[in-house]
Each structure stands twice: as C-alpha cells, then as structure tokens.
Amino acid sequence: MDETQQLREVEARSVLETGIAGLDHITGGGLPRGRVITIFGAAGAGKTVLGLQILAHRVAEGERAVFISFEQTADGVLEDMAGFSWGADGFAEDDLIVLETGMPTELHVSGRFDMQGLIATLLAVTDASGATIVMLDGLNALLSLLLEEADERRELLRLTDWVRSQGLTVLITAKASAENDRARTRAEILDYQTDCVVVLDRLQTGNSISRTLQVTKYRGAAHIGHVVPVVMTNDGLEVVIAGGLASEELASGAPSSRPDERMPTGVEELDPLLGGGYLLGSRTLLSGAPGTSKSTLAAAFSLAVVRGGGRVLYVSFDEVRAQLELHTASVGYSFREPLESGSLRILEESATGSTPEESALRIIRAVDELGANAVVIDPVSALTGSGHPFADEALSYLLTSLSQRGITVLLTSLLHGAASLDEEATKSNISTIADNWIHLTYIANGGERNRALTIVKSRATAHTNQVRELVITSEGIELRPAYVSDGDVLLGSARAQKEELDRTAAWLRAVEYERGEAEILASMAELEGRISGLGNEVDLRRRDLERLRSTRDGALERTATALEARVAARGSGNLANEEGDQR
Amino acid sequence: MTEMSTSRSAELTLLVAGESQATRSARATLDSLIGDGLAEASHVRVIDILQQPDYALRYKAFFTPSLIVETPTTTTTIVGDLHELDEVRSLLAAA
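Same order as they appear, the protein sequences are chains A and B.
If you read the first sequence in the working numbering, its first letter stands for residue 6, the second for the next number, and so on.
If you read the second sequence in the working numbering, its first letter stands for residue 229, the second for the next number, and so on.
Don't read these hints as lab results, they were simulated from the structure.
Computed from a predicted model, the values in this text were never measured in an experiment.
Be aware that a few hints might be false.
Each pair of labels, with its calculated beta carbon distance range [as the list claims (entries may be wrong)]:
#1 B:322 <-> A:172: 41 to 47 Å
#2 B:262 <-> A:79: 36 to 42 Å
#3 B:314 <-> A:166: 57 to 63 Å
#4 B:322 <-> A:159: 26 to 32 Å
#5 B:262 <-> A:134: 35 to 41 Å
#6 B:322 <-> A:237: 44 to 50 Å
In silico negatives: residues of chain B with every beta carbon more than 10 Å from chain A [as the list claims (entries may be wrong)]:
#7 237
#8 252
#9 260
#10 265
#11 269
#12 270
#13 273
#14 274
#15 278
#16 281
#17 288
#18 294
#19 312
#20 315
Even for Gly, the Cβ is constructed at its ideal location relative to N, Cα and C.
Generate the whole structure from the sequences, applying the supplied hints.
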C-alpha cells in the first residue's frame, strides 16, 4: 500500500463521534463524516431521539447542526429535546437550527416535478449557518408526494450525490417495516444509496421488551454488525456493550492503582482467610442455597464499609427494602443508621417487567448518585438467570462499569443442590467473573443443620481452603474452625469425644462432597449458560437471515413481474408500445 | 368575472431549478396566463432557486417547479411543470 492509498484510507475513515460510547465502539469510532446515514426503525423505536442526541453531541463539540422535520413542528422538536439531559438547557439558535417544514396547507399538483427545492433549502441553510451536519426527519412524508417510484429513486440519488459533493453529513430517518410496496422500495433504495445504515428495533422476551440497535451497513469500514441492546433513559439512548467502555481510563480508585488495599468483610474471622479482606475493586461471589445467610454476610460487609467511612449501594432483587431491613436487623446488622445518614442506599430492583440492561443502567446511575465505594447485588442470579437475550451483555457492562469506578462488588447467587439444576443452568459465567468465590452450605448430621463456609477461590490472594462453621448470633456472624481440639467439638453439639470425632470426620467429608458438587454444578451452569447464549445468538442471526431473504425475494419478485409484463407485451405484438397499458 | 380579478391581484412566484424541460414548460404556461390576462406581468416573477436558494427556504418549496400564489389572505402552492394549461387555470381561479 503506497502513501496516497494510506492517505485515502484515513480520509475515508473520517468519522463523527456520536457521543454514544457503545455506538462509537461498534462503528469503530463513529459515523462516517461527509456521508449519508440512514436510521431505520418502526414508530417509537427512537430514531428521532438518536438523531437529535447525535446532533446535540456535535453541537457540544463545537459544530453547527440543522434539524429539518417534515412531521413535527419546531416547538414540538424542542420540547422533546428538553426531556433529555443533553437538551434540557436548550441550544443557541445558531448552533442548532430547527426547521419545521410542514407542507403548505394549500398544495396542488399539476404535472411532473422534482425535489431540487429541498437541495436548495439545504444549501441556503447550511451556507448561512456554516452547519456541517443535517438531519432530515420524516422524509417519508415528502417522498410520498412524489408521483412515481421512479421519481423517488431519482430524487434520492440526486440528494445523496449532492450531499456527498458538499461534504455534509446527513442523517435520514425512515420507517423500516414498510406498510406498502412503495415504502418497501423506498427502504431498499435508502439502504442501497446511503453509506451507513443503523437499524433500531425491539425484541420481546416474556413481558419485557429490549430495545436493540444494529449497524447493518458501513461502507468502507469494519464494524460490529450484530444486534446490541440499547436503553432509553433521560440521557437518551445508551448502547449497552461492555466493549464500548474498555477504552476509557480506569478511575483513580481502580484496583491497579492500589494493588493491595483491602476492604473488611465485616466478619472478623473471615478477613484473615482472604488475606485481610476483599481486595479493593474486586468482585466476590457469595453462593449458596436459600437461607445459608448470603444476605447476612452481605449486610455485614455493607456495615463494615460504612463504618470505614465508605458508601454502599445495596441492590435488592429478592426482598423489598422493609423486609431486608427487618431481616438483617434481626441478626445484629441494622441498616437504620447508615440509611438515615445516607451512607447506605437500598435500590429495590425487580427481575420482572424490566430488562437486565435497564437494571444495569439504573444500578450504575445509583452508584454515581451515591458516590458508592462498594456495591452489593443480591442476588445477581436475578439478572443472569432471567432468560433475557442480553443478560450476559448487561452483566458484563455493569461489572465493567463498576470496575472502571474502582468499586468493590459483592454478588450473591443461589447455587445449591440438584433439585434446582435447571434453574442453575440458566446462569452464565458467574463463577468466572468473580475474583473471590465463597460458597455457603447446610450440612445436616446428627439431627443438626449447620451452616458451613468455604472459600472456593480467591484470586491473587493466599487463602485457606478449610471449611469453617458459620454461626449466626444476635451479634452477627461468627466463623468457627471445624476442628476437634482437646476433646471439644464444634458445630454446637456436646457428645462423647469419640462419637464427635467420627461425626466431625463425616461432616468434613460431607462438606468436601458438597463443595465438589457445587464446583461441578457451577461449571455445568456456566456451560449451560453459554449454550443458551449461543442459542439466542442463533435466533438473532436467523432473524437477520429472514430479513435479508425477504428483501431479496421482494426484489426478485418485482423483477419477475416486470419481465412477465414485457413478455406479455411482446406476445401481444405491442413491442413498440411496451411501456403502454397493454398487458 | 370575480375569479379573474382575484388571480390578477395575486402575486405569482414561480420557483424553478435551473434550465430544464419542466422549467420551460412552467414558464410557457405562466406566459400564457399573462397573455390571457389571467395574471398581471408586474405581479409575476420567476426565480431560479439554484441561484437564489433563500427563496426555497422562505417558501418551504422542496419541489420544483413550484408556483406560489399569494393573495392578501391566502397562499396556494401548485407544484409541477404546469403543462396542463386548463388545469392550472382552474387551480388559479380557485386560489
């Protein structure tokens, strides 16, 4: 490749940052500058919001932009923008020009016409303002006034050619699911004529609907073309993809900057087992059956962080706030004071009626509002086991965001016996995302049910694999070594020394079995999760394929019809009058 | 002939884009209207929006040719090459 070629390549990759990190990531830096970009989507898919958000970002970056609406009034557009964080303060009139272009009320058609008036309008407004980016919203309304499909094709070609010759960046919104042949053809023409195509869509899973975005075309550049989840908040559209976050610098509190600082676990005896506590900015998974005191351990941790001057966000999926407060207070961990002082916040999340990606964004927002140092997600299986197509993506996005902020994370997860194997299977790579994994079990023997705690793994920390008995008192959690010493036996029973020795040996074996089983179950669950994730991906690919096929079939059908018409015309001896009404 | 007086008092602005067949057709029709006394030459102007794009912006004229018929109370737009003289006559009369 010679220098000129390289130069051309760089030129061809002149991009326009959208300010939407995930979108910039999947497009390899942004939308193509000086080109025509089509945003497809059904009504309500967020086409206009996406466009406005990009314009607002460009204006914030010092460019000037023009928004031309063929459907809404200027006031309506400005009102819509005011609902978003980036539009609330309004814009200088020169920076963002909003033109309403309602059709004249008295419009008559007499003879053929073209759309050069639109080009002249664009010329006038960009010349006067120095705007470099233009959005045409609801161009359908204008195009449908053209008399014939052929006119539409010609005028769109004229428009896109002109735009490119001017070096303008133009965003065009259009409906993807076309209600008639003409509109379908229009979508095809736009798809073909424009340099970059972004498709907004929705994907229903049970009761909840995920918004999705896909870059189906990006002429001359590599891009990530699969369907990614997006969430609409008052910050506009956000693309939930962890890769979009990777390039950002790590926060000052990130683990790399303080390699060995630790946070207390809240259980005195647990700290030394983990080399002094949870590593700052690390993720710990607390797994176990219901009632093995996962939430209690999480509460102990929360209060320890608060006592050390930190702030904690406790995300509760299972219990409503009042329940959680009551339950933790009963075992000596009262949330009342830190809740009142504002150093602890409980975020009640629901796994139903909301998507994992929405939950992820709400959690991140709450973390930022609180300035949290630590986050508890109780349980994280509510997110990962939800069966949503983007659960893994959402969790990955959430954890990456928290890591960037240097936040220490405690995740609880239901993980227990074979009875719930199916349920476990829906969980994904939970054990691999955690730096520490602490497993809690019940061990029943001799008429007692005792809780046991094992540290399955602890990354970058010298830790013990010994089993500990976990005892809950009114003062909180205590860990006791599961040893026999001087004839005194733990696990709260007092029996003859020999019996106890035997029993303890059996107990230890049982714990080891349980631990082994938990590990195998977790790795099975992880694999199952991957399989179901791949299944979802196959579904998405299938949808892509169907869309592609129906587009192709539509085009073929029209070609076939045209051919048939010609053959028929020829057959009836009207070759010369082929375009006439002889059929 | 009240309709004639209406159109005679109207301001007619024909917006065209360069020299094209549609432009020529629309101009010819406009000339006929003046010849017929349906429009007053002093109230008629022809503007090439490629030369003066501000007019396209001002009249929200996205289509060319566009004939803008302005009376003190109404504004009517007729888009197209106006090759059907009779059709244009009746549209103008109704304006």
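Now for the hints, and whether the structure bears them out:
no. : hint                        : in the structure
1   : B:322 <-> A:172: 41 to 47 Å : holds (44 Å)
2   : B:262 <-> A:79: 36 to 42 Å  : holds (37 Å)
3   : B:314 <-> A:166: 57 to 63 Å : violated (36 Å)
4   : B:322 <-> A:159: 26 to 32 Å : holds (31 Å)
5   : B:262 <-> A:134: 35 to 41 Å : holds (37 Å)
6   : B:322 <-> A:237: 44 to 50 Å : holds (47 Å)
7   : 237                         : holds (17 Å)
8   : 252                         : holds (12 Å)
9   : 260                         : holds (13 Å)
10  : 265                         : holds (20 Å)
11  : 269                         : holds (21 Å)
12  : 270                         : holds (23 Å)
13  : 273                         : holds (16 Å)
14  : 274                         : holds (14 Å)
15  : 278                         : violated (6 Å)
16  : 281                         : violated (4 Å)
17  : 288                         : violated (5 Å)
18  : 294                         : violated (6 Å)
19  : 312                         : violated (6 Å)
20  : 315                         : violated (5 Å)
Hint compliance for this structure: hints 3, 15, 16, 17, 18, 19, 20 are not met, and every other hint is.
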